[in-house]
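Starting from the given sequences, assemble the full structure and let the hints guide the process.
There are 2 protein chains.
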Amino acid sequence: MKATILTVGTEILFGSITNTNSVYLSQHLNFLGVDVLRHITVGDNRNRLLEALSAAFSDCDIVLTTGGLGPTEDDMTKETIAEFFGRRIIEDPEQMAILKGWFAKNNRPMTDNNLKQAYFPEGSVILPNPNGTAPGFMLSDGARTIFVMPGPPREMQPMFDNYVAPKLSSADNGCLYYKMIKTIGIGESDLETKLLDLIDAQTDPTLATYVKDFTAMVRVASKRPTMEEAKAAVDEMSAKVRDRIGGYIYSEDNEELQQVVVNLLRSRKLKLSSAESMTGGLFAKTITDVPGSSAVFDRALVTYSNTAKMQELGVKQETLDKYTAVSQETALEMAAGLHKASGSDICVSVTGYAGPGDEETGLFYIGLYAFGELSVKKYKARRTKREDVRTIACMDMLRTVYMALKRM
Amino acid sequence: MKATILTVGTEILFGSITNTNSVYLSQHLNFLGVDVLRHITVGDNRNRLLEALSAAFSDCDIVLTTGGLGPTEDDMTKETIAEFFGRRIIEDPEQMAILKGWFAKNNRPMTDNNLKQAYFPEGSVILPNPNGTAPGFMLSDGARTIFVMPGPPREMQPMFDNYVAPKLSSADNGCLYYKMIKTIGIGESDLETKLLDLIDAQTDPTLATYVKDFTAMVRVASKRPTMEEAKAAVDEMSAKVRDRIGGYIYSEDNEELQQVVVNLLRSRKLKLSSAESMTGGLFAKTITDVPGSSAVFDRALVTYSNTAKMQELGVKQETLDKYTAVSQETALEMAAGLHKASGSDICVSVTGYAGPGDEETGLFYIGLYAFGELSVKKYKARRTKREDVRTIACMDMLRTVYMALKRM
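Protein sequences appear in the order of chains A and B.
In case it helps, numbering that gives the first Met the number 0 puts the first sequence at residues 0 to 407.
In case it helps, numbering that gives the first Met the number 0 puts the second sequence at residues 0 to 407.
If you're looking for bench data, these hints aren't it; they were derived computationally from the structure.
Computed from a prediction, not measured in an experiment: that's the story for all the values here.
Be careful, since some hints might not be right.
Because identical chains cannot be distinguished in the list, a pair is counted as satisfied if it fits within a single copy or across any two copies.
[What the hints assert, rightly or not] In silico EDC-like cross-links for lysine to aspartate or glutamate, where the CA-CA straight-line distance does not exceed 16 Å:
| # | residue 1 | residue 2 |
| --- | --- | --- |
| 1 | LYS193 | ASP111 |
| 2 | LYS115 | ASP189 |
| 3 | LYS115 | ASP91 |
| 4 | LYS376 | ASP212 |
Written out as C-alpha cells, the structure reads:
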C-alpha cells in the first residue's frame with residue numbers, strides 16, 4: 000500500500016502552526032507497513048485540492064487528509080473530495096441527530112453553518128469523532144480510497160487509531176507487533192553503538208533507535224502471518240536487547256517515566272512531594288498527568304519567590320544571602336523543609352536558572368530526601384531555551400526519584 | 000508573488016523528523032509578502048520531483064526547495080531541477096576550489112561523489128553555504144525562479160536570510176501586515192457568524208477565524224505597496240472587528256493569555272499565587288512559562304491530598320467532611336488560606352475532578368481572592384479526557400484572573 004498525506008490548512012501555509020499531523024500519520028503508517036510517498040499541504044482552495052488529489056492518486060492507492068472539515072465558509076475539503084470522486088453530498092440523518100444532540104446537550108447555539116457537518120459524499124463510511132463536532136469519513140471506488148479526518152490532533156489521532164489504522168492493518172497481509180523499549184541515562188548514539196550488529200543484521204524483527212523528549216528508545220517490530228509469531232519474534236529480539244542495555248531500560252511497554260514512577264510508588268504505598276522553583280510546578284503537573292497519581296502524590300510547594308522559600312520550606316535567610324537561591328545549600332534546605340512539611344517518603348526539590356538571557360541559564364540543583372537520607376546534585380542543561388531547560392530539569396527530577404526507588 | 004515550498008527528504012516521510020524548514024520558510028515568506036500556496040514533501044524520486052515541480056509552477060512564480068543536495072547517489076534534486084529547466088549540469092571552478100579547500104582544511108578524505116557538490120545547472124547563481132559543504136543555487140528562466148537550499152536548518156536558515164530573502168524583498172511584491180486578534184469566551188462559529196458579512200465582503204484586508212488551544216482568534220491581513228498602507232488597512236479593519244466582538248478580545252498582538260496576565264500584573268506591580276488541586280501545578284507552570292514571571296508570581300501550593308489542603312491552606316476538616324474536597328466551600332477556603340499564607344494581591348484556587356472514568360469528570364470550582372474580595376464559580380468542562388479537562392480548568396483560571404484585573 001502506498002499513501003499520500005494531504006493536509007488542508009492556511010495556518011500551516013502561514014507558518015503559524017507546525018504540521019504535526021503529517022509526522023504522526025507518517026510514523027503510524029510506516030509502522031503499519033504503508034509507504035508514505037508524499038506530503039502535500041494546501042489551503043482551502045478547490046483547484047489546488049483537486050490538483051493535489053490527482054497527483055496523490057497518480058501513484059498511491061490511499062490518501063489521508065486532515066483539516067478543512069470545520070463548520071465555516073472556507074472549509075471546502077468535503078465538497079471538493081465529493082467532486083473528485085463524482086459523488087453527491089447528502090445528509091446523514093444519524094450524524095444530524097448526533098450533531099443536534101451535541102449542541103443541545105452543551106446548550107450551545109447551533110448556527111446554520113454547523114449543519115454542514117452532518118453532510119457527506121454519497122457512499123461514505125462515517126468515522127466517528129467523540130472529541131469534536133466534525134466526523135471524518137472513508138470513501139472508496141475500489142482502486143482509490145480516501146480517509147478524511149479533522150485537523151485538531153486531539154480529534155485526528157484517536158480517529159486514526161480507532162477507525163483508520165484497523166482498516167489499514169486488516170487490509171494488508173501480515174500482523175505487525177512492536178515494542179518500544181525506553182531507556183534512561185544513555186544517549187541515542189551510545190545506544191545505537193551497543194546494538195549496531197543487531198541493527199545491521201536485522202531483517203525481521205527490525206530494530207530502530209529514536210529520541211523523543213530527551214529520551215532514547217529502541218523500537219523492536221516484527222510483521223508475521225499471525226500476531227503470535229510476530230509477538231514471539233519481538234520477545235526473542237527484546238531479550239537480546241535486554242542483554243546489551245538492560246541496565247538502562249525503564250520500560251518495555253512504551254510507558255512514560257512518570258507512569259513508571261507512579262506505579263512503583265503505588266505498589267510500595269509510598270508518598271511523593273516536590274519543592275519547585277525553576278520548574279514552576281512542571282514536575283507536579285507531569286506526575287499528576289498520570290491518572291490515579293492522587294494515591295501517591297501529596298503536594299508540591301512551588302516557591303517561586305525567596306519569601307515563599309523561607310515561609311513554606313523554612314529555607315534560612317542566611318542561606319539565601321550567603322549562597323543565593325540557586326545553590327546546593329538552598330536545594331538541600333528545600334528538600335529537608337518539604338519533608339518536614341509533608342512527611343512524604345520521597346521529597347524532591349529543584350532550584351536553578353531557566354533563562355532566557357541569563358549567563359547561568361541551564362544551571363540547576365536537584366535536592367532529594369529519600370528514606371531518611373538527604374542528597375543534592377548539580378546539573379547543567381546543554382540547552383538555553385527556557386522551555387527546554389525546564390523540561391530537562393523536570394526529566395532529571397523524575398530520574399532522581401526513579402533511581403532512588405530502584406536503590407531501595 | 001506566489002510560492003511553493005518543496006521539501007526533499009525520506010526522513011520526513013518516515014516521520015522521523017518534523018518538517019521545520021517549511022514552517023521557517025512559510026513565516027519568513029509571508030512577512031516578505033510572498034503568498035505560500037503549497038507545501039510538498041517527496042523523497043529522492045525523479046518522477047515525483049518532476050511532478051511536484053510542474054504542480055508548483057502551475058500557479059506559482061517561485062519555488063523554494065530544501066534537502067536532497069547531499070553527496071550521495073540518491074541525492075538527485077539538482078539533476079532533476081536541471082532536467083526540468085532543460086539545462087546542462089556544469090562544474091563551477093570557484094566552488095570546486097572552495098570544496099577541495101574545505102576537505103583539506105578539515106583533513107577529511109574527499110570521495111568522488113563529493114565532487115558532485117561543485118556542479119550546478121548552467122546559468123545558476125550560487126548561494127554560498129558557510130555552514131556546510133553543499134552550496135545552494137538560484138535558477139530562473141524569467142517566468143519561473145527556483146531557490147535550491149540544503150536540508151539542515153542550520154545551513155538552510157542563514158542561506159535564506161542572507162541570500163534568498165534580499166532577492167525576494169527587492170522584487171516588487173507588496174508588503175504584508177497582519178494581526179492576530181485573540182478572544183476569550185466565544186467559539187469559532189459564533190465568532191464567524193458575528194463577522195460573516197465582513198468575511199464575505201473581504202478582498203484586502205482578509206479576515207479568517209482559527210481555533211487553537213481552546214482559543215478562537217481572527218487573523219486580519221493586508222498586502223499593500225508599502226508597510227504603512229498595509230498597517231493602516233489592517234488597523235481600519237481591526238476597528239470594525241473590535242466594534243463587533245470587542246468584549247471578547249484579550250490581545251491584538253497574538254499574545255498568549257498568560258503573557259497578557261503577567262504583563263498586566265507587572266505594570267500594576269501586583270503579586271499572584273495559586274492553590275491547585277486538580278490542575279496539579281499546571282496553572283503555575285503555565286504562568287511561569289512566561290519569561291520574567293518571577294517578578295509577579297509568588298508561589299503555588301499544589302495541595303493534592305486533603306491533608307495538604309488542611310496543612311498548607313487551612314481548609315477545615317469539617318468543610319471537607321461536610322462538602323467534600325470538590326465544593327465551592329473548599330475552593331473558597333483554599334483561596335482565603337492562600338491569601339493568608341502568601342499575602343498576594345490575587346489568589347486563585349481550583350478543585351475538581353480531572354478524571355478519567357469518574358462520573359463527575361469535568362466538574363470543578365475556581366475560587367478567587369482579589370483586592371480584598373472572595374468569590375467562587377462552578378464549571379463543567381465539555382470534555383472528559385484528563386489532559387483536556389486540566390487544560391480547560393487552567394484556561395478558566397487564567398480567564399478568572401484576567402477578568403479580575405480588567406475589573407480593577
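Here is what the structure says about each hint:
no. : hint            : result
1   : LYS193 - ASP111 : between (61 Å within a copy, 13 Å between copies)
2   : LYS115 - ASP189 : between (53 Å within a copy, 15 Å between copies)
3   : LYS115 - ASP91  : within (10 Å within a copy, 58 Å between copies)
4   : LYS376 - ASP212 : neither (22 Å within a copy, 36 Å between copies)
When the structure is compared with the earlier hints, a violation turns up for hint 4 alone.
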